[in-house]
Amino acid sequence: MEIPLSALKKGESGIITSILSASRRGRGGSWGFKKRLMDMGLTPGTEITVTKIAPFGGPIEICVRGSRLALGRGMAERILVRIKREWLRS
Amino acid sequence: MVKKLTIALAGNANVGKSVIFNQLTGLHQHIGNWPGKTVEKAEGTLHFRGYEIDVIDLPGIYSLSTFSLEELISREYIALERPDLVINVVDASVLERNLFFTLQLIELGAPMVIALNQVDVAERKGIKVDHEKLSRLLGVPVVPTIAIRGLGIYRLLEVAVETIEKGEVRPRQILYGREVEERIEKLARLVAKVGFKYPARWTAIKLLEGDREVEEAIRKLDPTIISIKEKLAREIEEIHGHPCSTVITSERYEVANRIAEEVQQITPIAKPSLSQRLDALTSHRLLGYPIMVVTLLAIFYSIFAFGDYVSTVLSDFLYGFEPLFKSVLGEGLLEELIWGGIIEGLISGVTIALPYIVPFYFLLYMLEDSGYLSRIAFLMDVVMHKIGLHGKAFIPVMLAYGCNVPACLGCRIMETERERLLAGFVVTLIPCAATTVVILGLVGKFVGIEWALLLYVVDLAIVFALGRAAFKSLPGEPIGLLMEMHDYKLPHMKTVVNQTWFRLSEFIKIAFPFIVLSSLVIKSIELVGLLEPVSTFLSLVTVNWLGLRPEMGVSLVFGILRKELTLIMLATLLKTTDFGSVLTPVQMMVFALVTMLYIPCIATIAACVKEFGFKKAFFITVFEIAFAILAGGVAFRLLSLLNIP
Numbered sequence: 000m001e002i003p004l005s006a007l008k009k010g011e012s013g014i015i016t017s018i019l020s021a022s023r024r025g026r027g028g029s030w031g032f033k034k035r036l037m038d039m040g041l042t043p044g045t046e047i048t049v050t051k052i053a054p055f056g057g058p059i060e061i062c063v064r065g066s067r068l069a070l071g072r073g074m075a076e077r078i079l080v081r082i083k084r085e086w087l088r089s
Numbered sequence: 000m001v002k003k004l005t006i007a008l009a010g011n012a013n014v015g016k017s018v019i020f021n022q023l024t025g026l027h028q029h030i031g032n033w034p035g036k037t038v039e040k041a042e043g044t045l046h047f048r049g050y051e052i053d054v055i056d057l058p059g060i061y062s063l064s065t066f067s068l069e070e071l072i073s074r075e076y077i078a079l080e081r082p083d084l085v086i087n088v089v090d091a092s093v094l095e096r097n098l099f100f101t102l103q104l105i106e107l108g109a110p111m112v113i114a115l116n117q118v119d120v121a122e123r124k125g126i127k128v129d130h131e132k133l134s135r136l137l138g139v140p141v142v143p144t145i146a147i148r149g150l151g152i153y154r155l156l157e158v159a160v161e162t163i164e165k166g167e168v169r170p171r172q173i174l175y176g177r178e179v180e181e182r183i184e185k186l187a188r189l190v191a192k193v194g195f196k197y198p199a200r201w202t203a204i205k206l207l208e209g210d211r212e213v214e215e216a217i218r219k220l221d222p223t224i225i226s227i228k229e230k231l232a233r234e235i236e237e238i239h240g241h242p243c244s245t246v247i248t249s250e251r252y253e254v255a256n257r258i259a260e261e262v263q264q265i266t267p268i269a270k271p272s273l274s275q276r277l278d279a280l281t282s283h284r285l286l287g288y289p290i291m292v293v294t295l296l297a298i299f300y301s302i303f304a305f306g307d308y309v310s311t312v313l314s315d316f317l318y319g320f321e322p323l324f325k326s327v328l329g330e331g332l333l334e335e336l337i338w339g340g341i342i343e344g345l346i347s348g349v350t351i352a353l354p355y356i357v358p359f360y361f362l363l364y365m366l367e368d369s370g371y372l373s374r375i376a377f378l379m380d381v382v383m384h385k386i387g388l389h390g391k392a393f394i395p396v397m398l399a400y401g402c403n404v405p406a407c408l409g410c411r412i413m414e415t416e417r418e419r420l421l422a423g424f425v426v427t428l429i430p431c432a433a434t435t436v437v438i439l440g441l442v443g444k445f446v447g448i449e450w451a452l453l454l455y456v457v458d459l460a461i462v463f464a465l466g467r468a469a470f471k472s473l474p475g476e477p478i479g480l481l482m483e484m485h486d487y488k489l490p491h492m493k494t495v496v497n498q499t500w501f502r503l504s505e506f507i508k509i510a511f512p513f514i515v516l517s518s519l520v521i522k523s524i525e526l527v528g529l530l531e532p533v534s535t536f537l538s539l540v541t542v543n544w545l546g547l548r549p550e551m552g553v554s555l556v557f558g559i560l561r562k563e564l565t566l567i568m569l570a571t572l573l574k575t576t577d578f579g580s581v582l583t584p585v586q587m588m589v590f591a592l593v594t595m596l597y598i599p600c601i602a603t604i605a606a607c608v609k610e611f612g613f614k615k616a617f618f619i620t621v622f623e624i625a626f627a628i629l630a631g632g633v634a635f636r637l638l639s640l641l642n643i644p
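Those sequence lines, one after another, are chains A and B. Anchor point for the first sequence: position 10 equals 9 in numbering that gives the first Met the number 0, and the numbering is continuous, going up by one each time. Anchor point for the second sequence: position 211 equals 210 in numbering that gives the first Met the number 0, and the numbering is continuous, going up by one each time.
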């Protein structure tokens with residue numbers, strides 16, 4: 000099931016499936032937005048884990064490719080992930 | 000003859016690049032701007048084995064796309080200015096992300112050496128990197144370093160010079176998937192024919208990535224290449240089901256990931272480190288906020304306490320020369336102009352710059368270097384978002400409470416021109432330390448501290464409302480927060496001191512000429528006897544609309560120089576410091592409000608001109624004067640309705 004990254008809870012992991020375009024105003028803004036996320040390693044197929052969620056709709060912090068990134072909530076809403084379910088009781 | 004070499008330092012943000020820069024160049028460095036750009040350029044020289052080596056510290060970036068000015072400058076510098084060597088500083092504790100950038104440097108064809116830095120931090124995180132294997136895989140010399148303790152720096156320099164002397168650096172090119180690789184080669188052959196300033200393969204890759212700058216340049220040379228490129232990009236998109244730029248970035252990251260996995264050994268560490276526990280606490284969703292408030296208040300309080308004390312001592316000392324000066328030049332017009340105009344201007348500059356600005360910068364860079372500023376940005380993102388900015392903008396805002404000048408310059412941390420301008424506008428509305436002196440000294444002392452606090456609340460609301468209005472009226476999309484969260488670390492004292500020193504000299508260069516010049520102009524007006532007419536002219540606004548006394552208009556003019564002069568001049572003109580006996584509470588409140596809002600001082604205007612250009616600085620200035628007068632008049636009428644004790 001595909002859900003936005005912003006819907007993950009703290010400690011949950013997911014695999015990025017796609018990134019939705021940022022703007023309706025032509026491809027210019029969208030290219031920059033997507034490219035910026037990709038350059039930081041948020042490419043499709045990448046596993047990410049939510050490590051922190053700021054209150055009041057603030058940013059989230061994720062662990063990706065061995066480093067941590069802070070991500071505005073608006074951006075997190077446009078990143079779609081497939082949630083990784085736990086399949087063994089820990 | 001001394002042979003000259005140029006070495007550039009390149010790498011991600013916060014990997015210890017500036018520490019290495021400082022270790023290499025010591026005190027022989029200067030920080031300026033890249034020609035015509037508001038991006039910093041740090042340059043230094045060192046002598047080694049008969050060479051004079053020029054070291055350039057490039058901005059910390061994650062990619063060589065054109066998203067930001069920093070990336071554009073870096074790639075133009077590396078590809079076109081062709082330094083003899085690029086030292087790529089790589090953080091061993093975040094290898095994969097750093098290698099992504101390394102691979103792009105290799106694609107750009109830069110002769111390079113890798114400084115594998117922070118190997119100690121990596122080891123504490125349970126990561127061991129086999130630097131010899133990394134060197135074999137990339138075909139690039141790799142030197143492990145712990146820059147903060149100076150370890151490996153000498154070796155790095157030796158390897159760098161040897162690499163240049165050998166003249167042959169053959170990094171191994173990375174390969175993309177076959178279907179992508181074929182198309183890159185096809186495009187590269189076409190690009191090679193038209194003779195573009197960048198390497199052909201790199202250009203081809205950038206074209207397929209959709210890089211607009213490269214695309215425009217190639218279109219001018221041969222538009223058919225662009226249409227071919229579009230066809231090829233579509234083919235790749237069809238094969239992979241993702242846009243071509245996504246495919247290329249993904250595959251490059253995949254290579255970075257493979258290399259990282261090959262060379263690093265990870266042993267999980269069970270116990271959370273001190274850095275991790277500090278991180279959990281300071282960005283905690285509940286505790287993080289009170290910790291931030293207490294930290295910032297403590298910092299502001301200590302700066303004010305320290306600054307106030309040192310400022311008094313300094314100014315007593317400097318004014319001690321007045322009798323001596325007067326006895327030499329004698330009393331007269333010339334003496335008045337030189338002392339009252341030039342020297343008093345200088346004294347005022349010194350008594351602000353040294354006691355307030357220096358500790359402010361110092362503590363700020365300590366916070367930045369330790370990693371706490373990014374936690375603050377994380378916590379404040381949601382607030383800044385309301386005025387169309389993201390969390391990082393809180394840093395210049397914080398600076399502005401100390402002084403608007405560094406705050407204006409600090410807006411450079413924002414990614415785009417739009418965010419910089421918006422942040423710059425908000426920052427100039429924030430009451431600086433000098434304004435705080437006026438508010439506390441006038442309203443706080445003679446009307447009541449609760450009224451002073453009320454002024455701050457009103458001001459915050461106004462800043463917020465104006466910021467939001469500016470955000471809505473500026474064209475373009477807001478940019479979200481995207482920031483790497485580094486582990487906490489001990490700040491590197493020498494780097495912090497260096498930063499403070501360069502900021503201070505920047506402040507002096509921008510602010511001092513204006514402070515002295517305007518001090519001279521105002522003194523001349525006074526000496527020529529124009530103060531009376533000016534005051535009468537101003538009273539149209541100050542008396543009729545704002546309900547102030549005519550003298551107060553003149554002191555507001557003096558406030559352009561430095562905001563706390565409004566209070567000093569007021570005392571001179573009213574011939575008393577007991578303002579409560581000559582002014583009504585409403586007059587004091589309105590006066591303080593106008594002081595808070597009108598025109599950032601002359602030094603701030605100069606900083607705005609430097610950062611945003613003359614037109615925008617002029618607009619901000621005029622707007623803020625008009626707005627302050629409007630708000631002051633409204634406040635006068637509202638406050639008159641209330642009965643203030």
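Each hint should be verified, as a subset may be incorrect.
[What the hints assert, rightly or not] Here's a subset of chain A near chain B, in silico, CB distances under 8 angstroms, partners left out:
hint	residue
1	2
2	6
3	10
4	34
5	36
6	48
7	53
8	57
9	64
It is worth saying that the hints were derived from the structure and are not from the lab. Idealized CB from N, CA, C, for every residue including glycine.
Hint by hint, here is what the structure shows:
1. Proximity of residue 2 of chain A to chain B is violated relative to the hint, the smallest CB-CB distance being about 19 angstroms (cut-off 8 angstroms).
2. Evaluation of the residue 6 of chain A hint against chain B yields a violated restraint, the C-beta minimum of about 17 angstroms exceeding 8 angstroms.
3. For residue 10 of chain A, the suggested interface contact is broken, since its CB lies about 13 angstroms from the closest CB of chain B, more than 8 angstroms.
4. The interface hint given for residue 34 of chain A holds, since its Cβ lies 6 angstroms from the closest Cβ of chain B, which is under the 8 angstroms cut-off.
5. Nearest Cβ of chain B to the Cβ of residue 36 of chain A: about 7 angstroms, under the 8 angstroms cut. The hint holds.
6. Annotation: residue 48 of chain A was flagged as interfacial toward chain B, and the flag is violated, the nearest CB pair being 13 angstroms apart, outside 8 angstroms.
7. Nearest Cβ of chain B to the Cβ of residue 53 of chain A: about 6 angstroms, under the 8 angstroms cut. The hint holds.
8. For residue 57 of chain A, the interface hint holds, since its Cβ comes within 8 angstroms of a Cβ in chain B; the closest pair sits about 4 angstroms apart.
9. Hint status for residue 64 of chain A relative to chain B: holds, with the closest Cβ pair at about 5 angstroms, below 8 angstroms.
The structure fails to meet hints 1, 2, 3, 6 from the earlier list, while all remaining hints are met.
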